[in-house]
Amino acid sequence: MSVVIITSIIIGSFLLANTIGDPHVRKIFFVTALSALFTGMYFIISRKKIITHVMGFLIIENGVFVLSLAVGAEMPFLVNIGILLDIFVSVLLLGVFVNKIGDMIGEQDVDQLSSLKD
Amino acid sequence: MIGIYLIGAVFISLSLFFNRNKKLHYSLVSLYFVLQCTLTIYEYVHLNEVQLEYFTPDALGIIFLVTLSLICGPALWHSYVYFETGKDIPRERSIYFAAMVLLLTALSAAYLSNHIAITWIFVELTTLSSSALIYHRRNLHTIEGTWKYLFVCTISITLVFIGILFLTLAIQQDGIKDLNYKVLFSQAPTLNVFWLKLSFLFVFTGFTSKASLVPMYTAGIDAKDKAPSPAGALFSSVLINMGFVGIFRLYEIISHTSILPWTNQILLISGVLSVFVATVYMLKVKNFKRMFAYSSVEHMGLIMLGLAAGGIGYYAAILHLILHSFTKSAMFFQIGQVYRIYKSKSVYDAGDYFRYNPTGSMILLLGFFVVTAMPPSGMFVSEFLIFTALFEANHFWLLAIILLLLTLIIWSLGKTIFRMIFIKPIGFNDTDVKKIPVIESLSQLVFLGFVIYIGVNTPTVLINLIHVAIQNLPK
Chain D
1 MSVVIITSII IGSFLLANTI GDPHVRKIFF VTALSALFTG MYFIISRKKI
51 ITHVMGFLII ENGVFVLSLA VGAEMPFLVN IGILLDIFVS VLLLGVFVNK
101 IGDMIGEQDV DQLSSLKD
Chain L
119 MIGIYLIGAV FISLSLFFNR NKKLHYSLVS LYFVLQCTLT IYEYVHLNEV
169 QLEYFTPDAL GIIFLVTLSL ICGPALWHSY VYFETGKDIP RERSIYFAAM
219 VLLLTALSAA YLSNHIAITW IFVELTTLSS SALIYHRRNL HTIEGTWKYL
269 FVCTISITLV FIGILFLTLA IQQDGIKDLN YKVLFSQAPT LNVFWLKLSF
319 LFVFTGFTSK ASLVPMYTAG IDAKDKAPSP AGALFSSVLI NMGFVGIFRL
369 YEIISHTSIL PWTNQILLIS GVLSVFVATV YMLKVKNFKR MFAYSSVEHM
419 GLIMLGLAAG GIGYYAAILH LILHSFTKSA MFFQIGQVYR IYKSKSVYDA
469 GDYFRYNPTG SMILLLGFFV VTAMPPSGMF VSEFLIFTAL FEANHFWLLA
519 IILLLLTLII WSLGKTIFRM IFIKPIGFND TDVKKIPVIE SLSQLVFLGF
569 VIYIGVNTPT VLINLIHVAI QNLPK
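Chains as they are written, first to last, in our numbering: chain D, 1 to 118; chain L, 119 to 593.
Just so you know, nobody snuck in bad clues.
Think about it this way: if two alpha-carbon atoms lie no more than 27 Å apart in a straight line, the pair counts; the simulated DSS-like pairs of lysine-lysine are:
hint: 1; chain 1: D; residue 1: 27; chain 2: L; residue 2: 315
hint: 2; chain 1: D; residue 1: 117; chain 2: L; residue 2: 533
hint: 3; chain 1: D; residue 1: 49; chain 2: D; residue 2: 100
hint: 4; chain 1: L; residue 1: 205; chain 2: L; residue 2: 552
hint: 5; chain 1: L; residue 1: 205; chain 2: L; residue 2: 141
hint: 6; chain 1: L; residue 1: 140; chain 2: L; residue 2: 553
hint: 7; chain 1: L; residue 1: 402; chain 2: L; residue 2: 463
hint: 8; chain 1: L; residue 1: 553; chain 2: L; residue 2: 461
hint: 9; chain 1: D; residue 1: 117; chain 2: D; residue 2: 100
hint: 10; chain 1: L; residue 1: 402; chain 2: D; residue 2: 117
hint: 11; chain 1: L; residue 1: 404; chain 2: D; residue 2: 117
hint: 12; chain 1: L; residue 1: 461; chain 2: L; residue 2: 402
hint: 13; chain 1: L; residue 1: 463; chain 2: D; residue 2: 100
hint: 14; chain 1: L; residue 1: 463; chain 2: D; residue 2: 117
hint: 15; chain 1: L; residue 1: 542; chain 2: L; residue 2: 404
hint: 16; chain 1: L; residue 1: 300; chain 2: L; residue 2: 593
hint: 17; chain 1: L; residue 1: 404; chain 2: L; residue 2: 552
hint: 18; chain 1: L; residue 1: 553; chain 2: L; residue 2: 404
hint: 19; chain 1: L; residue 1: 461; chain 2: D; residue 2: 117
hint: 20; chain 1: L; residue 1: 205; chain 2: L; residue 2: 553
hint: 21; chain 1: D; residue 1: 48; chain 2: D; residue 2: 117
hint: 22; chain 1: D; residue 1: 100; chain 2: L; residue 2: 461
hint: 23; chain 1: L; residue 1: 593; chain 2: L; residue 2: 315
hint: 24; chain 1: L; residue 1: 533; chain 2: L; residue 2: 463
hint: 25; chain 1: D; residue 1: 100; chain 2: L; residue 2: 205
hint: 26; chain 1: L; residue 1: 140; chain 2: L; residue 2: 461
hint: 27; chain 1: L; residue 1: 205; chain 2: L; residue 2: 140
Just so you have them, the derived chain D footprint on chain L, three or more residues with Cβ under 8 Å:
hint: 28; stretch: 228-241
hint: 29; stretch: 394-406
Since the hints were made in silico from the structure, they are not lab data. Ideal Cβ placement from N, Cα and C applies to all residues, glycine included.
Whole structure, please, built from the sequences with the hints as guidance.
Structural data, given as structure tokens:
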């Protein structure tokens, strides 16, 4: 099922990218980026395990990197360093909290994280 | 100065993290407070001067920087009270204060930055530091809140980054592109409309997680509920301002392009939905801390409506945001005291508050009038101006719906607060209730009085600053 959905995501991104006729966009990177973004989103929505959510986030993050290649955006050096540091720390923190959740509730399932509601 | 400030603040934060000594902790925190005040005064004197290439204290940044400095003093002091009256474990205290200093620093820098990517970096930093604050109590509930907040916010901030990448496409040039707000603003008419639309959608959706708006408001609610009240006060005042600043800076650029009406539609939809969602939850919610968190969603919705309506609405939106910061932080400080007496946040467990803490209950009562924008509250003035703007923009049906929803909000908020103050709680054992000193309520009283004073007699300095902040928007 997932294979079918992800294949259709990739085909959909191809079609979507073809409708955008912008000379500033490198099409092949753009297709890869879009499909990575949607695949990551799909992973986060459909899976239950917390570690898979983090993997979905990493897929999105990779998609963003490819997207920055696609649009040919270059930030100043200092800005790049800041962005790199931020992403590094955020992934590190996500990892730390995955471990903490694992310590507290053994099985890492998001269904158990649903006590906060109104 | 901003360079000294950033280095100093990071140094203070690190030394807070690596030390366990109580006296050293509080002297470092006071040192930070002095540093923060110095920065604010310095930036106010050097208005519109580019510093370190990436920071410009413009009117909008200064307004919110002053708000932050005014709120951060009481917040740090209430944190001190929080540790004095509750569990005081040196390791937890050091992490708490280090994270709070980092959060305040990141917010100040984000207000002042003049480059959209620098704003992004510091907003991401606020997410990381606030996750440490939410996790403070270290139980199953807080870890759930932290996880949701961290995950949702990181994803939203990634969306903001995608928006920034689309913005570079909108510039339609090859090579290195300058994403300075000023440059973008001067190039606004030449920007590609299609990419700008996409960019706004992504940036707006991303920043709603900070600004407590539909669609990404959910994580913020859990965060405000689970963090200690002084941290909750910061989340529901200065962090929300951060989200607004992020949206406003891009809106300023868009206001000079042809897609302004389309953008206003987006803001209207988000604003109305926020007020609607807040009403629905406030009628139902039984946890008074969450109730005030939802009240922030409502006020942010109104502010977006003011921004979308235009005209006098721009002025009203910023005024409303400033007043909202002071009111909400005062209410959250007060909720900390309520929680200390009842050890519970449920409406059913709290009651007869007037007997245990007369000053505190007077503040709750006054806060109720201020937060629901009844006269003499300053929020009455700004809310009235927002409604005037909506009326002038011919949104009659929208106005009717909003007024109806606001009535429901006033009813449900009143029901909760009057119940907490006057009705006797069931099964509450009041043998070991400690008396709360009046001095701990002083900062709330000052804030609420300040809100009322601004409503009656807005200082000329503030009016001028707000007018300078919105001068780039169409009349």
